[in-house]
Amino acid sequence: SLEMAIAGAAIGAIPLLLLGPGGAIAALILLGLLFAAFHALCLNQIGGQTGDTVGALQQVSEIAVLLVASVALS
1481 SLEMAIAGAA IGAIPLLLLG PGGAIAALIL LGLLFAAFHA LCLNQIGGQT
1531 GDTVGALQQV SEIAVLLVAS VALS
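Just so we're aligned: the sequence shown equals residues 1481 to 1554 in this note's numbering.
It cannot be assumed that every hint is accurate.
What the hints assert, rightly or not - Each pair of labels, with its calculated beta carbon distance range: (1) VAL1540 with ALA1485: 16 to 22 Å; (2) ALA1489 with ALA1516: 16 to 22 Å; (3) GLY1531 with SER1481: 18 to 24 Å; (4) ALA1485 with ILE1505: 19 to 25 Å; (5) SER1550 with GLY1528: 31 to 37 Å; (6) ASN1524 with ILE1486: 31 to 37 Å; (7) GLY1528 with GLY1500: 34 to 40 Å; (8) ILE1486 with SER1541: 16 to 22 Å.
Calculated from the structure, these hints are not laboratory results. Please read these numbers as outputs of a predicted model, since none were measured by experiment. The beta-carbon is built from N, C-alpha and C at its ideal position, and this holds for glycine as well.
Whenever a hint applies, use it, and build me the whole structure from the sequences.
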């Protein structure tokens, strides 16, 4: 539902705020580029996305944000 999506986005935005504006913007840009590249890869290799590819993208996205956080906070 829309309410759950808004709640999830709000909860996910809280850690980004701790990175400061530069870290948050860097994380969002990285996630956008990561999504675009992964989407293109899925389209070329298997013709679209599946639940498994979405789960893999979630894991890779989380690792990418943690890497940005480690750089921003060090």
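Now the hints, each set against the structure:
no.: 1; hint: VAL1540 with ALA1485: 16 to 22 Å; result: holds (21 Å)
no.: 2; hint: ALA1489 with ALA1516: 16 to 22 Å; result: holds (19 Å)
no.: 3; hint: GLY1531 with SER1481: 18 to 24 Å; result: holds (19 Å)
no.: 4; hint: ALA1485 with ILE1505: 19 to 25 Å; result: holds (22 Å)
no.: 5; hint: SER1550 with GLY1528: 31 to 37 Å; result: holds (33 Å)
no.: 6; hint: ASN1524 with ILE1486: 31 to 37 Å; result: holds (33 Å)
no.: 7; hint: GLY1528 with GLY1500: 34 to 40 Å; result: holds (37 Å)
no.: 8; hint: ILE1486 with SER1541: 16 to 22 Å; result: holds (19 Å)
In the structure shown, no violation is registered for any of the earlier numbered hints.
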